[in-house]
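Novice: Protein sequence lines, in the order shown, are assigned to chains A and B.
117 is the number of the first residue of the first sequence in this note's numbering; add one for each residue after it.
117 is the number of the first residue of the second sequence in this note's numbering; add one for each residue after it.
One thing to keep in mind: the hints can contain errors.
One copy or any two copies: either way a pair holds, since identical chains are not told apart in the list.
Stated by the list, open to error - Here are the simulated lysine-lysine pairs, PhoX-like style, with alpha carbons at most 20 Å apart:
{"hint": "1", "residue 1": "317", "residue 2": "262"}
{"hint": "2", "residue 1": "274", "residue 2": "302"}
{"hint": "3", "residue 1": "144", "residue 2": "289"}
{"hint": "4", "residue 1": "262", "residue 2": "252"}
{"hint": "5", "residue 1": "309", "residue 2": "119"}
{"hint": "6", "residue 1": "274", "residue 2": "309"}
{"hint": "7", "residue 1": "317", "residue 2": "119"}
{"hint": "8", "residue 1": "227", "residue 2": "149"}
{"hint": "9", "residue 1": "317", "residue 2": "274"}
{"hint": "10", "residue 1": "302", "residue 2": "119"}
{"hint": "11", "residue 1": "149", "residue 2": "201"}
{"hint": "12", "residue 1": "309", "residue 2": "227"}
{"hint": "13", "residue 1": "149", "residue 2": "139"}
To be clear, the hints were calculated from the coordinates, so they are not data collected in a lab.
Treat the numbers as computed from the prediction; the structure is a model and nothing was measured.
2 protein chains.
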Amino acid sequence: MNKEGILIVICGPSGVGKGTVCKEFLGKNRNIKLSVSATTRSPRIGEVDGVSYHFLETGQFEKMVENGEFIEYARVYENYYGTPKAEVLKNLHNGEDVLLEIDIQGAMQVKSSYPDAVFVFILPPSLGELRDRIVKRGSETEESLKLRFGSAYDEICKIENFDYFVVNDDIEKAVRQLDCIMMAEKSRVLRNKENILENFKEEI
Amino acid sequence: MNKEGILIVICGPSGVGKGTVCKEFLGKNRNIKLSVSATTRSPRIGEVDGVSYHFLETGQFEKMVENGEFIEYARVYENYYGTPKAEVLKNLHNGEDVLLEIDIQGAMQVKSSYPDAVFVFILPPSLGELRDRIVKRGSETEESLKLRFGSAYDEICKIENFDYFVVNDDIEKAVRQLDCIMMAEKSRVLRNKENILENFKEEI
Numbered sequence: 117m118n119k120e121g122i123l124i125v126i127c128g129p130s131g132v133g134k135g136t137v138c139k140e141f142l143g144k145n146r147n148i149k150l151s152v153s154a155t156t157r158s159p160r161i162g163e164v165d166g167v168s169y170h171f172l173e174t175g176q177f178e179k180m181v182e183n184g185e186f187i188e189y190a191r192v193y194e195n196y197y198g199t200p201k202a203e204v205l206k207n208l209h210n211g212e213d214v215l216l217e218i219d220i221q222g223a224m225q226v227k228s229s230y231p232d233a234v235f236v237f238i239l240p241p242s243l244g245e246l247r248d249r250i251v252k253r254g255s256e257t258e259e260s261l262k263l264r265f266g267s268a269y270d271e272i273c274k275i276e277n278f279d280y281f282v283v284n285d286d287i288e289k290a291v292r293q294l295d296c297i298m299m300a301e302k303s304r305v306l307r308n309k310e311n312i313l314e315n316f317k318e319e320i
Numbered sequence: 117m118n119k120e121g122i123l124i125v126i127c128g129p130s131g132v133g134k135g136t137v138c139k140e141f142l143g144k145n146r147n148i149k150l151s152v153s154a155t156t157r158s159p160r161i162g163e164v165d166g167v168s169y170h171f172l173e174t175g176q177f178e179k180m181v182e183n184g185e186f187i188e189y190a191r192v193y194e195n196y197y198g199t200p201k202a203e204v205l206k207n208l209h210n211g212e213d214v215l216l217e218i219d220i221q222g223a224m225q226v227k228s229s230y231p232d233a234v235f236v237f238i239l240p241p242s243l244g245e246l247r248d249r250i251v252k253r254g255s256e257t258e259e260s261l262k263l264r265f266g267s268a269y270d271e272i273c274k275i276e277n278f279d280y281f282v283v284n285d286d287i288e289k290a291v292r293q294l295d296c297i298m299m300a301e302k303s304r305v306l307r308n309k310e311n312i313l314e315n316f317k318e319e320i
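Same shape as in the complex, but just chain A:
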């Protein structure tokens, strides 16, 4: 019996450090596949097409939406972001775990189609600390800083839709916590019941 992989969805407010946490987590867990999102926003310095994102024209993106080729997609600020369906499903079906690092709107869409996915919300140690991190990143204008920071509390209020929370006050600790969450999910009876009973039945 081919066991399905686990879909883990990681969210959190802008500036919380999701990207760094996910990168370290994937570095320690080479078997987990990162789903590469598609977006219509411009690449930032250092971002590589097909690795950081699939960078698409708006027209291409909208065509894929029409064809139902996204697990989730959303318009955030002025751009589209989305998760192409085909590769994620192929990996899960092959028993490989897949990580999605997406926004909260997207996570809620995933939840409606994939209730078995594991939803993790990354929290900042405090709102003050979050603001400092956004400012330090330096890629924001005064306007976009206000926009991003202003929505942080509203986003945190959506945490009740998530299974787990991880406070990112220390990257290593956050990664260890994600490791444990994955191990615990792999130990869930619900995900393994048929396999367990099948194994012991064969022996009788």
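Add chain B to chain A, keeping to what the hints say.
Specialist: What follows is chain B alone, placed relative to chain A:
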């Protein structure tokens, strides 16, 4: 706000090594309290009253049942076993985690009153290995060996009532898995929602 502790219930067929796993797990996690069960069976060599079990007379035990002083109790083979309620509730209320190592009938009673408890089933690597372990323990007569081993598969079939399973093929690995299950449960949004929202609200 005084946060409730987590009640973790550990079960598994006779001979699977629950006792050893729990002992190692508690040794690494001194903050988790072991609930001492009450029983009417005779002490085995080396067992200490009030530490291994509260050893009670049948009359005393039945009086406590009448008074509703057990979270769960059951008659297994010829003896009563039960978990006195008072101490468990006091510890949980003080924010301390409590471990119950009980049988499956008992676990199902706990589940009906404490659905927030975490239910873990310890599995043997195989039924053959389980039989070997029971024989090696050497405290069984031929008759009681048959009785214990005969019910193992039926007990494993009740695993669907449990949240997690841990295969005890290696004690250290089993203990690490329990550590992760506890850490994951502590990271559950459902157990912490009010605290999280309260903390961030205070900052606004």
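Novice: So, against the hints stated earlier in the document, which numbers end up violated here?
Specialist: Per hint list: zero violations.
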